[in-house]
Amino acid sequence: MKLNINGSNRELDVEPDTPLLWALREQAGLTGTKFGCGVAQCGSCSVHINGEVRRSCSVPVGSLKDSDRIVTIEGLAPGASSPVQKAWAEVDVPQCGYCQSGQIMAASALLAKNPAPSDADIDAAMTNICRCGTYQRIRAAVHRAAEIAKAKA
Amino acid sequence: MTKTFEDEIASVSRRRFIVGTAAAGSGLALGLHVPFADAQSASATNAAGCELNVWVVVRPDETCAIRIARAEMGQGTLTGLAQLVAEELGCDWSRVVTEPVTPGRNLASKRAWGEMGTGGSRGIRTSEDYVRRGGAAARMMLMQAAADQWGVPVAEVKASKGVITHPASGRSTTYGKVCDAAAKVTPPDPKSIKLKDPREWTIAGQPLKRLDTADKLDGSKQFAIDVRPPGLLNAAIKQCPVFGGKVVRYDESKVAGMKGVKKVVKVDDGAVAVVADTWWHAKKAADALPIVWDEGEGASASSATIAAHLKAGLEADNAFKYRDEGDALRAIAASPRKVEAVYSTPFLAHATMEPMNCTARISKDRAECWVPTQNAEASLAALSEASGLPLAQCEVHRNDLGGGFGRRGGNQDYTRQAATIAKQFPDTPVKLIWTREEDIQHDFYRPISQCRLAAGLDDKGNVTGMHVRISGQSINAFVNPASIADGKDKRQLQGLWTEPGDAQLGYSFPTILLEYAMRNTHVPVGPWRGVNTNQNGIYLECFMDEVAKAAGKDPLEFRRQYLADHPKHLRVLNAVAEKAGWGTPTPKGVYRGIAQFMGYFSYSAAVAEVSITPEGKVKVHRMVMGLDCGHTVNPSQIAAQVEGSVAYGLSAALYGECSVDKGRIAQSNFHDYPVVRMAEMPKVEVVLVPSLDFWGGVGEPTICVVAPSVLNAIHAATGKPVRDLPLRSSRLA
Chain S
0 MKLNINGSNR
10 ELDVEPDTPL
20 LWALREQAGL
30 TGTKFGCGVA
40 QCGSCSVHIN
50 GEVRRSCSVP
60 VGSLKDSDRI
70 VTIEGLAPGA
80 SSPVQKAWAE
90 VDVPQCGYCQ
100 SGQIMAASAL
110 LAKNPAPSDA
120 DIDAAMTNIC
130 RCGTYQRIRA
140 AVHRAAEIAK
150 AKA
Chain B
0 MTKTFEDEIA
10 SVSRRRFIVG
20 TAAAGSGLAL
30 GLHVPFADAQ
40 SASATNAAGC
50 ELNVWVVVRP
60 DETCAIRIAR
70 AEMGQGTLTG
80 LAQLVAEELG
90 CDWSRVVTEP
100 VTPGRNLASK
110 RAWGEMGTGG
120 SRGIRTSEDY
130 VRRGGAAARM
140 MLMQAAADQW
150 GVPVAEVKAS
160 KGVITHPASG
170 RSTTYGKVCD
180 AAAKVTPPDP
190 KSIKLKDPRE
200 WTIAGQPLKR
210 LDTADKLDGS
220 KQFAIDVRPP
230 GLLNAAIKQC
240 PVFGGKVVRY
250 DESKVAGMKG
260 VKKVVKVDDG
270 AVAVVADTWW
280 HAKKAADALP
290 IVWDEGEGAS
300 ASSATIAAHL
310 KAGLEADNAF
320 KYRDEGDALR
330 AIAASPRKVE
340 AVYSTPFLAH
350 ATMEPMNCTA
360 RISKDRAECW
370 VPTQNAEASL
380 AALSEASGLP
390 LAQCEVHRND
400 LGGGFGRRGG
410 NQDYTRQAAT
420 IAKQFPDTPV
430 KLIWTREEDI
440 QHDFYRPISQ
450 CRLAAGLDDK
460 GNVTGMHVRI
470 SGQSINAFVN
480 PASIADGKDK
490 RQLQGLWTEP
500 GDAQLGYSFP
510 TILLEYAMRN
520 THVPVGPWRG
530 VNTNQNGIYL
540 ECFMDEVAKA
550 AGKDPLEFRR
560 QYLADHPKHL
570 RVLNAVAEKA
580 GWGTPTPKGV
590 YRGIAQFMGY
600 FSYSAAVAEV
610 SITPEGKVKV
620 HRMVMGLDCG
630 HTVNPSQIAA
640 QVEGSVAYGL
650 SAALYGECSV
660 DKGRIAQSNF
670 HDYPVVRMAE
680 MPKVEVVLVP
690 SLDFWGGVGE
700 PTICVVAPSV
710 LNAIHAATGK
720 PVRDLPLRSS
730 RLA
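Top line first, the protein sequences correspond to chains S and B. Counting with numbering that gives the first Met the number 0, you get residues 0 to 152 for the letters of the first sequence. Counting with numbering that gives the first Met the number 0, you get residues 0 to 732 for the letters of the second sequence.
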């Protein structure tokens with residue numbers, strides 16, 4: 000099975016019904032994408048497929064084409080240099096950190112489409128679960144990331 | 000059976016670790032000598048640096064490594080403990096790194112690092128003294144080494160930010176330059192060390208950023224679920240859906256040919272695991288494995304039978320009379336007005352984001368595991384028991400946890416399972432991962448309870464007597480039934496205690512009767528962030544609003560009237576009332592509710608601002624949260640904990656319920672065990688009102704005021720009290 004992951008073409012030994020999450024974690028060795036629920040509820044497994052945020056636990060690799068561009072947290076930006084990652088560090092968002100890969104991927108996808116999201120936009124787009132309850136800081140960090148990205152542009 | 004297993008772990012822990020507890024107050028636990036000569040301390044000049052004592056290693060490159068014995072699960076204890084050590088060490092904060100201590104090493108060194116368990120919001124408050132002494136002793140040794148080098152009295156030497164100076168001669172050196180010599184200095188007597196006055200702190204007490212953020216931003220952090228030792232196999236588990244049930248038989252032949260499958264393992268009486276090359280293969284095969292269960296006696300239980308069992312406890316003639324002052328029943332009966340109510344709260348699962356998992360490797364003479372654990376010594380005991388190897392041949396690698404909330408403390412069920420499975424594959428690491436469904440259905444749940452309250456009011460609206468009877472399950476009875484065979488379990492009355500300090504009832508009433516009727520079920524229970532302060536806070540604080548209303552008094556004024564004897568409770572309540580603008584107009588359709596309670600040596604209060612849509616949906620707009628946790632080691636991280644507690648507490652209030660159907664938990668994943676997400680998260684304002692005369696907990700205390708303040712706001716909005724949790728089962732429209 001051929002997949003394009005973080006800009007590299009990878010040949011993975013998986014059956015088509017394998018969720019992308021487990022292909023990433025167990026075959027590609029990319030463990031930054033997390034297992035949280037297995038039913039697309041929590042968003043810990045969020046990745047980008049052709050720029051769209053998707054919950055990889057519920058995407059069978061058989062549904063992907065080898066031209067589909069898959070980006071995981073490891074491939075988001077060299078040295079965690081994306082505006083979202085910088086904002087997350089500035090605002091000191093993570094507590095346990097387990098859901099944060101998915102939160103960062105969801106926030107990045109939101110900002111790519113909507114460079115200046117309102118609180119209501121954030122409520123609608125950021126549906127990932129954080130049991131530590133870092134939502135208030137995530138909200139602040141999404142706004143901050145928008146500022147960082149704007150300053151760069 | 001689960002209970003037997005709990006007893007076993009508890010007794011192993013007691014048997015094998017009792018020696019450490021006895022030493023807790025002595026110099027041994029102060030960590031001021033190195034009771035075992037490890038490679039690092041034996042060779043003071045190697046790259047690993049100079050071990051000055053068990054807490055502090057200084058390296059020639061000026062890095063200060065601070066050892067951390069407590070678990071980090073998001074609560075920020077790692078950063079806070081490092082701040083406390085660094086404060087006394089007087090080092091450069093930008094050069095601080097942390098190193099985890101393993102339980103095997105702690106055991107081998109006669110528990111030099113003291114207790115490792117991280118629960119009950121104890122991480123900082125029960126180790127602050129000895130870790131600070133460790134930092135101070137290291138500073139004194141570094142200063143002594145410099146003074147010796149210069150041939151001057153140590154009293155003439157100063158140390159700050161990792162630099163040692165002798166002002167009289169203008170000489171200076173650094174920690175890194177003298178660390179080698181300092182490691183050979185005789186450590187000071189711990190009793191002689193004078194710790195800094197917290198008013199003079201410059202590192203502790205500051206809102207510093209966490210030390211452990213960077214690898215949470217790029218996916219590189221290794222949680223236990225992420226470890227991939229060479230040759231790794233993976234296991235998925237199926238546990239009997241009914242607690243206490245047993246495996247009768249399973250048909251391995253049905254899955255033996257499935258891709259990647261290695262073996263089916265009977266883990267214990269109530270669980271079967273499939274081991275495969277990948278976890279996905281193991282999970283698929285586990286789903287396909289036919290298993291016949293003997294569901295046992297528990298299968299006849301349901302939420303209705305459990306509710307009836309608890310209700311009987313509310314009515315029973317006999318109960319544990321914890322506090323009986325004056326004749327409250329007579330005073331209430333004789334009062335012109337009576338207020339009565341019955342409340343209930345359900346079982347709740349923890350639902351840590353990182354599911355239960357453990358990777359174990361068992362060899363002939365060595366067992367090790369990688370595990371998310373709040374109690375690494377309990378993990379070590381579980382590994383030893385399951386592997387059959389002595390503790391000295393076991394080691395636990397403590398990966399930081401993807402959430403804990405009390406689920407991963409003494410109950411090391413998943414560690415024991417992983418070790419049992421791995422024993423079937425000698426020298427091969429096996430990673431057990433639970434599905435979310437196993438997690439929701441095989442937790443140690445927040446105990447279920449009901450509460451009947453009655454108050455009498457005189458003709459001026461003053462309380463004549465207060466009667467509180469709680470009926471429900473006991474955590475202590477589950478962990479160690481023998482210890483409270485008489486049902487006298489004060490822990491279930493947490494937050495209503497008479498004694499000052501830990502979890503004291505703040506109100507003084509002319510007469511009072513506080514009772515507990517123990518009513519256990521077959522459902523396993525355990526500590527859940529905030530433990531019994533959550534339920535008891537709802538019962539008392541919502542009832543206080545009912546009584547205030549009956550008395551025609553403002554809920555804040557009514558509380559103030561009965562808090563006069565407890566100024567710390569009162570101060571936090573006043574602080575949130577002021578910040579929230581209690582008594583000032585709210586936007587149209589927005590109502591306020593207030594609550595205060597105490598737990599974990601800390602004082603909490605909250606004001607909630609809530610509106611209700613015409614469809615009956617609750618929207619919490621704003622929460623003003625007050626906390627007096629004594630000393631504040633890191634105000635920013637304390638605020639983070641308080642913010643997070645709102646999400647956790649609100650999830651429980653709005654949605655949280657594990658109901659019982661045919662003996663099993665009816666919920667299975669986040670679709671039917673929903674939790675608060677971004678859109679439901681209110682704006683949280685944190686008001687810290689620190690006292691400088693005690694050390695209180697931070698991770699848990701504020702949760703217990705979240706639900707009651709929200710419920711009181713709903714009561715204000717609708718005119719009707721909400722007495723049965725969660726809210727989604729009430730009709731508010």
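Bear in mind the hints are in silico, worked out from the structure with no lab data behind them. A few of these clues could be false.
What the hints assert, rightly or not - The following residues of chain B were derived to be distant from chain S, with all beta-carbon distances above 10 Å:
1. Pro99
2. Ser219
3. Lys220
4. Ala332
5. Ala350
6. Glu614
Claimed, not checked - Distance condition first, Cα-Cα at most 30 Å in a straight line; then the derived DSSO-like pairs of lysine-lysine:
7. B:Lys459 x B:Lys489
8. S:Lys1 x S:Lys64
9. B:Lys320 x S:Lys85
10. S:Lys112 x S:Lys151
11. B:Lys618 x S:Lys112
12. B:Lys422 x B:Lys109
13. B:Lys719 x B:Lys337
14. B:Lys337 x B:Lys489
15. B:Lys337 x B:Lys310
16. B:Lys208 x S:Lys85
17. B:Lys682 x S:Lys149
18. S:Lys1 x B:Lys195
19. B:Lys587 x B:Lys682
20. B:Lys587 x B:Lys548
21. S:Lys85 x S:Lys112
22. B:Lys320 x S:Lys64
23. S:Lys1 x B:Lys258
24. B:Lys578 x B:Lys719
25. B:Lys245 x B:Lys190
26. B:Lys208 x B:Lys195
27. B:Lys310 x B:Lys489
28. B:Lys310 x B:Lys363
29. B:Lys320 x S:Lys112
30. B:Lys193 x B:Lys176
31. B:Lys320 x B:Lys310
32. S:Lys149 x B:Lys208
33. B:Lys552 x B:Lys578
34. B:Lys262 x B:Lys245
35. B:Lys261 x B:Lys160
36. S:Lys85 x B:Lys261
37. B:Lys208 x B:Lys193
38. B:Lys183 x B:Lys160
39. B:Lys208 x S:Lys151
All of these numbers come straight from a predicted model, not from anything done at the bench. Built from N, CA and C at the ideal position, the CB exists for glycine as well.
What hints, given by number in increasing order, does this structure fail?
Violated: hints 2, 3, 5, 7, 9, 18, 22, 25, 28, 29, 35 and 36.
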